[in-house]
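Novice: Line by line, the protein sequences are chains A and B.
Residue numbering for the first sequence follows the numbering used here, beginning at 1 and increasing consecutively.
Residue numbering for the second sequence follows the numbering used here, beginning at 1001 and increasing consecutively.
All the pointers check out, no bait thrown in.
For lysine to any residue, the following SDA-like pairs were computed, each having C-alpha atoms within a straight-line distance of at most 25 angstroms:
1) B/LYS1114 with A/GLN19
2) A/LYS235 with A/GLU172
3) A/LYS86 with B/GLU1083
4) A/LYS158 with A/SER142
5) A/LYS86 with B/THR1072
6) A/LYS86 with B/ALA1048
7) A/LYS86 with B/VAL1052
8) A/LYS187 with A/ARG173
9) B/LYS1114 with B/ASP1003
10) B/LYS1114 with A/ASP22
11) B/LYS1114 with A/ARG13
12) A/LYS169 with A/LEU225
Simulated from the structure, these hints should not be mistaken for lab results.
As the structure is a prediction and not an experimental result, all values here were calculated from the model.
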Amino acid sequence: MRVLIAEDERITRRALQTQLEDWGHDVVAAEDGAVAREHLRTNSFDLVVTDWDMPRMDGRALIEYIRRNSQSGYTYLIMLTGRSEKSDLVAGMEAGADDFLAKPFDRDELRVRLHAGERIIQLERALAEINRDLEAQVTARSAELVRSREAVIFGLAKLAESRDDDTGKHLERICALTEILARELIKHEPDLDEHWVRTLSTTAALHDIGKVGTPDAVLLKPGPLTDEERRIMQKHPCIGGDALLASNAAGTPWPVTSSKYIATLWPLRGSTFRMSPPNSSQGSKCQANVAPRASGSSPGSRSRCTAAAASRSRFMRSLAF
Amino acid sequence: MSDAFDESELMDRVDGDVVFLEETIAMLDEDSPTLLDQIRAAANAADAVALVRSAHALKGMVANFCAEPAETAARELEIMGREDRLSDVAPAVVRVEDETARLTEALHQFLRTKTE
Chain A
1 MRVLIAEDER ITRRALQTQL EDWGHDVVAA EDGAVAREHL RTNSFDLVVT DWDMPRMDGR
61 ALIEYIRRNS QSGYTYLIML TGRSEKSDLV AGMEAGADDF LAKPFDRDEL RVRLHAGERI
121 IQLERALAEI NRDLEAQVTA RSAELVRSRE AVIFGLAKLA ESRDDDTGKH LERICALTEI
181 LARELIKHEP DLDEHWVRTL STTAALHDIG KVGTPDAVLL KPGPLTDEER RIMQKHPCIG
241 GDALLASNAA GTPWPVTSSK YIATLWPLRG STFRMSPPNS SQGSKCQANV APRASGSSPG
301 SRSRCTAAAA SRSRFMRSLA F
Chain B
1001 MSDAFDESEL MDRVDGDVVF LEETIAMLDE DSPTLLDQIR AAANAADAVA LVRSAHALKG
1061 MVANFCAEPA ETAARELEIM GREDRLSDVA PAVVRVEDET ARLTEALHQF LRTKTE
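Throw the hints in and build the complete structure from the sequences for me.
Specialist: Structure (structure tokens):
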């Protein structure tokens, strides 16, 4: 083991160093806590034996420093203490020491305490290895889950889109637009991150999922919609939103934000929309607020340019609630 | 045989290594006068903190030689410092000086018997 000794009394320091080297350990000896700390800054040690009362930096401060700064695995700490200094012992163990050794040290006692330390170090290393493996597995599984989820999301959305073939690469455009907007937003919102951008842009595809509930006669109607047909058409974000909220309640990881898309992107279709809270007393959690569209327009012929600009604005506002 | 230290316990502690024992006795020769000076200065200045520190260091040093009398004398001085009882500290300082001198003399005598 690599062992660091911190002891200002040089006979004890020399005796410890000689004994540990006789047992085959790689030993560095420091004359006080401050020197020991310098060694710790440039080297790693498996085990540190430290005195309690030392000039410049005492044992407690050294132990606390090691526990605060331990980065390369676990360091086993043995505190040297006088036989009559029980209060020091308690304080040392509270500060993070693993064991103690009475001064002047007994060779056999030192040996068994070192063996105990070696066992703990080996266990700590084995545990760290297992944790690294588990972490790697979790990361791989999480990535797999994300890929699966994204595939399902996009598949569902494409399925919904397939019922309305006049929109071209509509979903891809919405996802790309959402990503652009989200990236702008995170520049100003410290709480938002890359994960949020990815989640948002991916699940943006879900805004059309409610079309599965729109009758073909309305969805695929080539000509202008009647007022009643328009009301039916405008319910598709509500259907999608409710489905997503229900999925969230069931633990499926659709972000609620996805539901907001249905509200915020719907204006692309020429209408306004609002969401009511999930605990609304009304039957549906999602309510369409119909704004009359220019008479004679149809799903296939409406102009999206001005509506898109308005939707961006609503989208930004919607993310704030 | 001197009662200043336990010879058999000391030889066991150094694992019979006389060379190492000689090295540590040399350290005691070098370091103990400084500590005794610090003890005297602390006692004269009625500096309890400094007295505790130097007496504690001397106690730890002589303990390496299984020297019960010198260790006890140093411990008493350390306790007096901790309890801030410095009015009658002079006799305790003299005792520490005497026991340390007795120890170093006994150690050298013992060493001579081992190296002859």
